[in-house]
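Generate the whole structure from the sequences, applying the supplied hints.
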Amino acid sequence: MTEEKSLNFIEEIVEEDLGKGKYESILTRFPPEPNGYLHIGHAKSICLNFGLAQKYKGATNLRFDDTNPVTEDVEYVDSIKFDVKWLGFTWANELYSSDYFDELYNLAVKLIRKGLAYVDDSSPDKIAAEKGTPTEPGIENEFRNRSIEENLLLFEQMKNGKFKDGEKVLRAKIDMKAINMHMRDPIMYRIKHAHHHRTGDKWVIYPMYDFAHGQSDSIEHITHSICTLEFVPHRELYDWYIDNLEIFPSRQYEFARLNMTYTVMSKRRLLQLVNEGYVSGWDDPRMPTISAFRRKGYTPSSIRTFCDKIGVARRDNLIDISLLEFCIREELNAIAPRVMAVLHPVKLIIDNYDENETEELVSENLPNDPANTRTVSFSKELWIEKEDFMEVPVKKWFRLAPGAMVRLKSAYIIRCDSFIKDNDGNVTEIHATYIPESKSHHDTSGINVKGTIHWLSVKHATKAEIRLYERLFTVENPAMEEGDFKNFINPHSLEIIPGAFVEPQLQHAVEGEKFQFIRHGYFCVDRESKPGEMVFNRTVTLKDSFKK
RNA sequence: UGUCCCAUAGUAUAAAGGUAGUACGACAGAUUUUGAUUCUGUUUGUCGAGGUUCGAAUCCUCGUGGGACAACCA
Numbered sequence: 409m410t411e412e413k414s415l416n417f418i419e420e421i422v423e424e425d426l427g428k429g430k431y432e433s434i435l436t437r438f439p440p441e442p443n444g445y446l447h448i449g450h451a452k453s454i455c456l457n458f459g460l461a462q463k464y465k466g467a468t469n470l471r472f473d474d475t476n477p478v479t480e481d482v483e484y485v486d487s488i489k490f491d492v493k494w495l496g497f498t499w500a501n502e503l504y505s506s507d508y509f510d511e512l513y514n515l516a517v518k519l520i521r522k523g524l525a526y527v528d529d530s531s532p533d534k535i536a537a538e539k540g541t542p543t544e545p546g547i548e549n550e551f552r553n554r555s556i557e558e559n560l561l562l563f564e565q566m567k568n569g570k571f572k573d574g575e576k577v578l579r580a581k582i583d584m585k586a587i588n589m590h591m592r593d594p595i596m597y598r599i600k601h602a603h604h605h606r607t608g609d610k611w612v613i614y615p616m617y618d619f620a621h622g623q624s625d626s627i628e629h630i631t632h633s634i635c636t637l638e639f640v641p642h643r644e645l646y647d648w649y650i651d652n653l654e655i656f657p658s659r660q661y662e663f664a665r666l667n668m669t670y671t672v673m674s675k676r677r678l679l680q681l682v683n684e685g686y687v688s689g690w691d692d693p694r695m696p697t698i699s700a701f702r703r704k705g706y707t708p709s710s711i712r713t714f715c716d717k718i719g720v721a722r723r724d725n726l727i728d729i730s731l732l733e734f735c736i737r738e739e740l741n742a743i744a745p746r747v748m749a750v751l752h753p754v755k756l757i758i759d760n761y762d763e764n765e766t767e768e769l770v771s772e773n774l775p776n777d778p779a780n781t782r783t784v785s786f787s788k789e790l791w792i793e794k795e796d797f798m799e800v801p802v803k804k805w806f807r808l809a810p811g812a813m814v815r816l817k818s819a820y821i822i823r824c825d826s827f828i829k830d831n832d833g834n835v836t837e838i839h840a841t842y843i844p845e846s847k848s849h850h851d852t853s854g855i856n857v858k859g860t861i862h863w864l865s866v867k868h869a870t871k872a873e874i875r876l877y878e879r880l881f882t883v884e885n886p887a888m889e890e891g892d893f894k895n896f897i898n899p900h901s902l903e904i905i906p907g908a909f910v911e912p913q914l915q916h917a918v919e920g921e922k923f924q925f926i927r928h929g930y931f932c933v934d935r936e937s938k939p940g941e942m943v944f945n946r947t948v949t950l951k952d953s954f955k956k
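Here this note's numbering is used: the first residue of the first sequence is 409, the next is one more, and so on.
Careful: at least some of the hints might be erroneous.
DSS-like mimics (lysine-lysine), calculated; alpha carbons at most 27 Å apart, straight line [said to hold, decoys possible]:
no., residue 1, residue 2
1, K717, K489
2, K585, K610
3, K951, K804
4, K788, K675
5, K817, K803
6, K794, K847
7, K600, K610
8, K951, K803
9, K600, K534
10, K951, K858
11, K489, K539
12, K522, K465
13, K463, K518
14, K788, K463
15, K489, K610
These are computed hints drawn from the structure, not numbers from a lab.
For clarity, every value in this text was computed on a predicted model and none was experimentally measured.
Here is the structure:
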C-alpha cells in the first residue's frame, strides 16, 4: 500500500511553480543570524528548507544574516554550521550577507539615483515619532526632499566615516502614510562604527534586515524564501525593493514557527537563561537547543522525524513535547542496548546464596534480537532500587514487599523474607530467598510472578553519576504567562545522582553512546564523563503506566 | 480600535464543493522475565450566525476568538 502523504502548502506552491515551468529547479536558503545557538524551532526551518530542496532536486544555501556586527560572533557561526551538519544536511554554498556589502551599497546608490532613497539627519526619537502608529499615519520631514546629488554625497560620506553613530540614516522614500508601517520610509542603512566578524573595520554603515535579506536572496537567485509568520508585513517591502531595484524576483513565503510545551523558544529568553545562570550553558540538556538535545542523547533522525510529523502550516501552534519524546523513544527502543542501572540503591541479600559464589548470567541486549547477549555477574549481595520495595504495598503492587515474590531480571525468582530499618525509619537492607529452579531460561519452578526488577551485584557494579532531567518549566507556555517567564522555572528540572551503580562494562562507553537503563529510560554518556568517573544523561524516561 | 494573518478532537495535521481521516496524548484490554515494547479497542472535532449550492470544514457576508505590525534587531 502506497499511501500518498499530502503536501503542505509550501510544497503545493513549489509543485505548482515547477509544474508551470516558472523555475527549472528550486533554490532555498537557511538564513540564521549568528547571534545565538540553533534551537528546535530552527530545526523545523532547516528541515523545511533543506527537505524541500531534497524532495524537488534543488539546492539550499546556508547564509548567515550578519548585518548587525554588535550582536554577532564567529562562535555562533561555528556552532550553527556544526548543528546543521549534525542534523544531516549539506548546503550548496556557505554564504554571508556581509559578502554582499559592496553590492548592497551599489543597490542603495541605485535607489538614491532613482529618487527612491534619502539621507535623514533626524534622531531616532524623531524618526520614531514621525512614523506614526498603526492607526495614525506618519508625517514627512524636511530631509525627505533633498536632491539626489546631496543624497549621493551624504551617503558616500556616511560610508566614509564622516559621521558618528546615529547621526544619519539612509531611508527608502516610499509613503509615510502607508497603512503598512514597514512602508513608511524604512531605514535602509545605519551608521555603526563597529568591528564586523568578517569584514573587520571596512564598513561603518550596515544595511538593515529589510535591505539585506531580500537582496541577498535575489543575488543568489533564491526561488522560495521561506520565513516565519512575523515577516508577513515585511513582504510588501521585500517585493517593493525587488521591483524598484529591478533584480531577480525571489518570493517570500511564511509559515508558523514552532512552539513547544514547557519550554521557551525565543533567543532573547534563551540567552537570559544562559547569562543569568539558570542553566549551565547553551548545551545544558534542559535547553531546547540542538546542541542540548544532542548532549541529552537525541539523534538527528529523531529530530527530523519530529519535524516531519509536526507539519507546516500558517496557524499558531503549541506542539506537545510528548511528540518529540515519542520520536526519540521509538528510535532508541530499536537500537539502544539494554543494561541495568540502579539509581537509588538499597542492599538486597540473598540469604540462601553462597557468599563465595558468582554466576555469569546471560541477558539479552535487545529484546527483538535474542541472540545478541552479554553476561551479568550475580552474587549474594545485590543492589536494587529503593522504590522497588514497599513495606506496606499499595494495591496492584507487582514488586518487592514482605512475603512477596519477584523475578530478578535474567536471574532468579526471589521471595522477600525480612528487612532492616535504621533509626530514621529508612529501609537499609532487604533479605530474601532465591528459588534455584527458577533460573532464567532454565525455569522449572512453575512459579509465575507479576513483577520483574533489575539489580546489580554489589561487588561487580561500577559507580557512576547519573543526571536526570525534567522539563525546564512548570507551565505549558511560560512565555505567555503574566510576569517574568523565569518565575515558572521548574526547581526540580535537574537531579544529579552521584552514587548510582551501572554494569561494569559501561566504564568503556564513549561520549554520546546510548543505552536503555532497563525500567528507567534511555541514557547517554555525557561529554563531562571520564574513565572512572562516568556521567550519564537521561535522554527520556520510558513510558510508565503504573500509577500509585 | 487601523491593516494583515489565522480558526478542524486535549495537541498537531489532512480532506482543492461529495464518507471528517492520520499521528501524538488519554483511557481500557491482550501479550510480556523492562508496569517498556508489540497488538487490539475506546474516547473526543469542523468557533458562531446568516447566505450561495442538490450538496459547505471547504465559497461569500457579518460576528467572535487568537496572533502579528509603531527596534538605527533579525
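Checklist entry - Is K788 close enough to K675, meaning Cα to Cα at most 27 Å? => result violated (54 Å)
Checklist entry - Given the hint that K463 pairs with K518, does the C-alpha gap stay at or below 27 Å? => result Roughly 38 Å between the alpha carbons, so the hint for K463 and K518 is violated.
Checklist entry - Between K489 and K610, does the CA-CA distance stay at or below 27 Å? => result holds (25 Å)
Checklist entry - Does the structure keep K794 and K847 at a Cα separation of 27 Å or less? => result Answer holds: K794 to K847 is near 24 Å, not above 27 Å.
Next on the checklist: Can you confirm whether the C-alpha distance between K717 and K489 stays at or below 27 Å?
Outcome noted: Between K717 and K489 the Cα gap is close to 24 Å, so the pair holds against 27 Å.
Next on the checklist: Next pair to validate is K788 with K463; report whether the Cα-Cα distance is within 27 Å.
Outcome noted: violated (59 Å)
Next on the checklist: Given the hinted pair K585 and K610, is their Cα-Cα distance within 27 Å?
Outcome noted: violated (36 Å)
Checklist entry - Does the structure keep K489 and K539 at a Cα separation of 27 Å or less? => result violated (38 Å)
Checklist entry - Does the structure keep K951 and K858 at a Cα separation of 27 Å or less? => result holds (18 Å)
Checklist entry - Are the Cα positions of K600 and K610 separated by 27 Å at most? => result holds (11 Å)
Checklist entry - Regarding the pair K951 and K804, is the alpha-carbon distance no greater than 27 Å? => result Holds: K951 and K804 sit about 18 Å apart, inside 27 Å.
Next on the checklist: Against the 27 Å threshold, does the CA-CA distance of K951 and K803 hold or violate the hint?
Outcome noted: holds (20 Å)
The structure fails to meet hints 2, 4, 11, 12, 13, 14 from the earlier list, while all remaining hints are met.
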